[in-house]
Amino acid sequence: EPEVTQTPSHQVTQMGQEVILRCVPISNHLYFYWYRQILGQKVEFLVSFYNNEISEKSEIFDDQFSVERPDGSNFTLKIRSTKLEDSAMYFCASSDFGTGAYEQYFGPGTRLTVT
Amino acid sequence: AQSVSQHNHHVILSEAASLELGCNYSYGGTVNLFWYVQYPGQHLQLLLKYFSGDPLVKGIKGFEAEFIKSKFSFNLRKPSVQWSDTAEYFCAVRGSGTYKYIFGTGTRLKVLA
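Sequence order for the protein chains is H and R.
The numbering used here numbers the first residue of the first sequence as -17 and each following residue consecutively.
The numbering used here numbers the first residue of the second sequence as -10 and each following residue consecutively.
Each hint should be verified, as a subset may be incorrect.
Calculated pairs, DMTMM-like style, for lysine to aspartate or glutamate (alpha carbon to alpha carbon, straight line, at most 20 Å) [stated by the list, open to error]:
| id | chain 1 | residue 1 | chain 2 | residue 2 |
| --- | --- | --- | --- | --- |
| 1 | R | 50 | H | -17 |
| 2 | R | 38 | H | -15 |
| 3 | R | 38 | H | -17 |
| 4 | R | 50 | R | 74 |
| 5 | R | 99 | R | 4 |
Computed from the model, here is a short list of chain R residues facing chain H with C-beta under 7 Å [stated by the list, open to error]:
| id | residue |
| --- | --- |
| 6 | 21 |
| 7 | 32 |
| 8 | 33 |
| 9 | 83 |
| 10 | 88 |
| 11 | 89 |
| 12 | 92 |
| 13 | 94 |
Simulated from the structure, these hints should not be mistaken for laboratory data.
Glycine residues also receive a C-beta, built at the ideal position from the N, C-alpha and C atoms.
Using the sequences and the hints, build the whole thing.
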């Protein structure tokens, strides 16, 4: 069964550094998403991406964040200057088109630790 | 604002006990409802979903959920849990006009063998 994959599984970085989290969505999916989960808190929506542009973003997704689909398979989340409060598990998800777009498939997550 | 509440944060049950996890949402329009499970060290996996039609939906691994529109609820049930059901369970809602999910805080279930 096709799966969403994410790399790395764990990333440790120093405050102020840039990080790029990578995701490979399911190959024929058209909608892509990033969520995050701070330890002990709920999973929160960050951004959705369709047709090579952001379709929706939350208030968390400020200018420090950006997303890109650099080629036909990868979907990346960049944090330009990490803060301690960016430490979280970041989940990528993808979904199909039409009513299939309503069901998202999640990757295993990248645990980001900012020190 | 849209929100999802899961009132049980930690549940401990013995094998063969029945399970019901509560989920209530706040949204005025049409919704799609989901339950996801996350086994230790694994990704979020869809247990079941409700889009329309029969409000009683059956999912994988013997789970079911009932959508009660008047109560804005979508509770998850399983008549007899197994040790392998130990995991974290998340309720999620998608409102009309958006693709994003709003998640509840999750419920950690521990099943004692």
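Tested hints:
no.: 1; hint: R/50 <-> H/-17; verdict: holds, 17 Å
no.: 2; hint: R/38 <-> H/-15; verdict: holds, 19 Å
no.: 3; hint: R/38 <-> H/-17; verdict: holds, 19 Å
no.: 4; hint: R/50 <-> R/74; verdict: holds, 9 Å
no.: 5; hint: R/99 <-> R/4; verdict: holds, 10 Å
no.: 6; hint: 21; verdict: holds, 5 Å
no.: 7; hint: 32; verdict: holds, 4 Å
no.: 8; hint: 33; verdict: holds, 4 Å
no.: 9; hint: 83; verdict: holds, 6 Å
no.: 10; hint: 88; verdict: holds, 5 Å
no.: 11; hint: 89; verdict: holds, 4 Å
no.: 12; hint: 92; verdict: holds, 4 Å
no.: 13; hint: 94; verdict: holds, 4 Å
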